[in-house]
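Take the sequences, apply the hints, and build the full model.
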Amino acid sequence: MRKLEFIIRRIALSLLVLLGLSVVTFTLARVVPSNPASLYLGPRARPEEIARVEEQMGLNRPLPVQYFYYLRDVLRGDWGNSIATKRPVLQEIGDRAPASLELLFVGMSLAVLIGVPLGVFSARWQGKPFDVVTRTTSIIGVSLPSFWLGLLFQIFFFRMLGVLPLTNRVDSNLRFTSPINEITGFYLFDTLVTGNWIAFQDVARHIILPALTLAAYPIGLIARMTRATMLEVLSQNYIRTARAYGIRQRIVIYAYALKNAIGPTLTVIGLTLAYSLTGTFFVEIVFNWPGLGLFTVHSLLNVDYPAIMGITLFGASAYVTINLVVELIQAWIDPRISLG
Amino acid sequence: MFRKVFFIAVATALVASLGLSAASAQEDVNVLRVAATANITTWDPSLSFSTEALYMANMYELLLYVNPPGSEERFRPGLAESWDVSEDGLTWTFHLREGVTFHDGEPLTAEAVKLSIERAQAIGGASFIWAPLDSIDVIDDLTVQFNLSYPAPLDLIAASLYGAWIVSPAAIAAAEEDPEYFESGVDAGTGPYVLDDWTPDTEVVLRRYDDYWGGWDDAPHYDYIVVSIVPEAQIQQQMLEGGEVDLALSLPLENIDQFRDREGYTFYAEPSFYNYVGFLNTRRPPLDDVRVRQAISYAIPYDEIIEVGAWGYATQSRGPVPAGVWPYSEEVRQYHQDLDRARELLAEAGYPDGGFSLVLTHAAENQTEARFAPLIAEALGELGIEVEIRPMLWTQQWEWAKGNPEEAQDIFLLLYWPTYSDAGTDNLYTMFHSEDTPFFNLGYYNNPEYDALIEEAAMLTVTDPERAQELYIQAMNMLVDDAPALFLFDAQAVFVVPDTIEGFQYNPNYPFTMNFYALHPAQSE
Numbered sequence: 001m002r003k004l005e006f007i008i009r010r011i012a013l014s015l016l017v018l019l020g021l022s023v024v025t026f027t028l029a030r031v032v033p034s035n036p037a038s039l040y041l042g043p044r045a046r047p048e049e050i051a052r053v054e055e056q057m058g059l060n061r062p063l064p065v066q067y068f069y070y071l072r073d074v075l076r077g078d079w080g081n082s083i084a085t086k087r088p089v090l091q092e093i094g095d096r097a098p099a100s101l102e103l104l105f106v107g108m109s110l111a112v113l114i115g116v117p118l119g120v121f122s123a124r125w126q127g128k129p130f131d132v133v134t135r136t137t138s139i140i141g142v143s144l145p146s147f148w149l150g151l152l153f154q155i156f157f158f159r160m161l162g163v164l165p166l167t168n169r170v171d172s173n174l175r176f177t178s179p180i181n182e183i184t185g186f187y188l189f190d191t192l193v194t195g196n197w198i199a200f201q202d203v204a205r206h207i208i209l210p211a212l213t214l215a216a217y218p219i220g221l222i223a224r225m226t227r228a229t230m231l232e233v234l235s236q237n238y239i240r241t242a243r244a245y246g247i248r249q250r251i252v253i254y255a256y257a258l259k260n261a262i263g264p265t266l267t268v269i270g271l272t273l274a275y276s277l278t279g280t281f282f283v284e285i286v287f288n289w290p291g292l293g294l295f296t297v298h299s300l301l302n303v304d305y306p307a308i309m310g311i312t313l314f315g316a317s318a319y320v321t322i323n324l325v326v327e328l329i330q331a332w333i334d335p336r337i338s339l340g
Numbered sequence: 001m002f003r004k005v006f007f008i009a010v011a012t013a014l015v016a017s018l019g020l021s022a023a024s025a026q027e028d029v030n031v032l033r034v035a036a037t038a039n040i041t042t043w044d045p046s047l048s049f050s051t052e053a054l055y056m057a058n059m060y061e062l063l064l065y066v067n068p069p070g071s072e073e074r075f076r077p078g079l080a081e082s083w084d085v086s087e088d089g090l091t092w093t094f095h096l097r098e099g100v101t102f103h104d105g106e107p108l109t110a111e112a113v114k115l116s117i118e119r120a121q122a123i124g125g126a127s128f129i130w131a132p133l134d135s136i137d138v139i140d141d142l143t144v145q146f147n148l149s150y151p152a153p154l155d156l157i158a159a160s161l162y163g164a165w166i167v168s169p170a171a172i173a174a175a176e177e178d179p180e181y182f183e184s185g186v187d188a189g190t191g192p193y194v195l196d197d198w199t200p201d202t203e204v205v206l207r208r209y210d211d212y213w214g215g216w217d218d219a220p221h222y223d224y225i226v227v228s229i230v231p232e233a234q235i236q237q238q239m240l241e242g243g244e245v246d247l248a249l250s251l252p253l254e255n256i257d258q259f260r261d262r263e264g265y266t267f268y269a270e271p272s273f274y275n276y277v278g279f280l281n282t283r284r285p286p287l288d289d290v291r292v293r294q295a296i297s298y299a300i301p302y303d304e305i306i307e308v309g310a311w312g313y314a315t316q317s318r319g320p321v322p323a324g325v326w327p328y329s330e331e332v333r334q335y336h337q338d339l340d341r342a343r344e345l346l347a348e349a350g351y352p353d354g355g356f357s358l359v360l361t362h363a364a365e366n367q368t369e370a371r372f373a374p375l376i377a378e379a380l381g382e383l384g385i386e387v388e389i390r391p392m393l394w395t396q397q398w399e400w401a402k403g404n405p406e407e408a409q410d411i412f413l414l415l416y417w418p419t420y421s422d423a424g425t426d427n428l429y430t431m432f433h434s435e436d437t438p439f440f441n442l443g444y445y446n447n448p449e450y451d452a453l454i455e456e457a458a459m460l461t462v463t464d465p466e467r468a469q470e471l472y473i474q475a476m477n478m479l480v481d482d483a484p485a486l487f488l489f490d491a492q493a494v495f496v497v498p499d500t501i502e503g504f505q506y507n508p509n510y511p512f513t514m515n516f517y518a519l520h521p522a523q524s525e
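For the protein sequence lines, the chains are A and B, in the order given.
Its first residue numbered 1, the first sequence is counted upward by one per residue in the working numbering.
Its first residue numbered 1, the second sequence is counted upward by one per residue in the working numbering.
Keep in mind that the hints are not guaranteed to be accurate.
What the hints assert, rightly or not - Under 7 Å between C-beta atoms, here's a sample of chain A residues computed to sit facing chain B:
#1 Leu-15
#2 Ala-84
#3 Asn-288
#4 Pro-290
Rather than coming from a laboratory, the hints here were simulated on the basis of the structure.
The beta-carbon is built from N, C-alpha and C at its ideal position, and this holds for glycine as well.
This is the structure:
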């Protein structure tokens, strides 16, 4: 019962946050000195045509009125048309979100699969060479800007070794050899369920470098956080007691210590997951990855305010949802956290 | 134990399989892989007024085309086999090619031409090019007549890259019902390629149109054109050199010298119709004084700007009309850097040691402008004029300039090119004819004598081109003397074409496009 109340309260709060955010973005996007109607018509449109489109788009109404209509349309599922591409914003986001989310998912999986073990081993062999190397690399991972790291990867794996592709999600020849049958837009999944093994390999080869680039920062963060909490837990009395009982080192570490140490790491993972959603933007530019990041950059440069609004709302909703889910998982793992 | 073995086995299999490279394309289709920056802002051929021209020009066709400067014939037939114009330049008749079909199966008729042009005139992004057009008459199935309200070069207008594509009447009817009809990627042209598939910001795939009237048997044309949309020139170069694409249309100018003498590539540096001007605000002191504007024109280091801004791939402009496009003329004068003359003029105007400051705006996204703007500031600094450089997003730079001229920028850098190949009615008119509300005349130049000259010249373009040219030269020299703008340079278009591709043709009349139908793989042996 308390759980339900908690969830409802959090959701209500999240909606309030989104509403506030939409007001701020709408205002910001519209006080920028530029005219959406002239953008819509392109660089050489005549003043009379601009006036006509302004009328059509309702741009001559007061800003609060425009906001009211915008909000009404958004709630009805009409997020407006992008000024630059003239297609519905919701469709533009829907077309691109799978590419970004797939990259995010693979990147974060790599981060967890690499970061947590690194942290655990580092704590176990504290002060030993493995620990030193891990700590150094994780600092590098945290401090190297992703676009720079991405370029280094490209030079090394594409130019020097020639083993991995440079950009994009798939090879342009793939459509002639084994075209992907799009179901969800998540290519790894789509190719796997359709048994398209050649395409799966191609997709996997393309996602490695961007995913690693995206994962570099969270790997370092997760490794350091896991290491720190592991060290703290390993020095606790109950661990010493367990060891005194002669329980095997492996069981002490994985069964007893890790479970208690993983809480803070989970928070970090949740936060970086949301944070990496924006991190994908840089990675997408470097690897020409056809996701939301590229779309966002174009929209910002074109002052394409319906698109900017749409992306912000989408990103904020994702952020809020992820945070909510992480809080719930934490409460579930650690009974000490109350649902107050 | 079993778990461990299983895990290792799976991991090994995965790694091994990833090591295999993707299978190569089928042998029997010719695919050309291209890297280009061209994005799509609309698929509607009547609205199109931007970078999607690269694709439009391969999917749709014009009644006729302008040949590159220096060609024997000025025009080349397109969907019209021939055309003629009445003595007074008011009536133009086009005789259409027989047996042409649109991609949706509809036949090409005079009615289709009428509907296409009327639609472009009504809603087109470039609708203004049809300003002289009064009405269109269908004479018979394959003859169409354009009636103008004043004499104008309709041949140049109909050959425009924007707002002149001929579209299937069925698609026009569908778009009447649903204005967004084309945007899902509908193509209804007569061109050699159809739109096969497309992913926004990523890729455009063109497939050959089997019933193309030009035929496919004369040469081994490409069956598919796969264009990867790559905004970064550096990445395009990587893709070209790494073999991910066969052709890259925008290589980084700073690296392009590497290809000059490289085995396996042919290098082209051709005149283009792009030119850079720097509007001087004629409505605000101190630039409202013509002597100050002339002084600034004398202070500019033109050669260095070309060297730094365009890596040497440009020539100094003669007025606002780029070399090769009508009514360009060698008789138009140029300024050359002469700081002493500049100081004299400043002293005459009452600023012997400079002592004022100017705001220069340029488009932040234009790297060329960002590179050469400091040279202008430096040169003016030597005259005691302080220049504040303000990079702004193009849209914001333009919005500010269109506001109140008295509060606007002092110097406005602009990259300009004519919509169709008549810089008289475009460059000279759009940038310098007086305007009630500022639009593209961003030096706010207002000279009734100049207005009268170019208005008269425009009327004579068809009936008396020699006289028109004389008037234009007079007008352009007037601009040079009044100096409402700095005439910086005409950029060159630089291309690197691998020897594996033959048939490359460059035509400055159609910037941002490439005729894919003309290309074919080099015959080995």
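Evaluation of the provided hints:
1. Leu-15: 30 Å, violated
2. Ala-84: Hint holds; Ala-84 of chain A Cβ to chain B Cβ min 6 Å, cut 7 Å.
3. Asn-288: 6 Å, holds
4. Pro-290: 4 Å, holds
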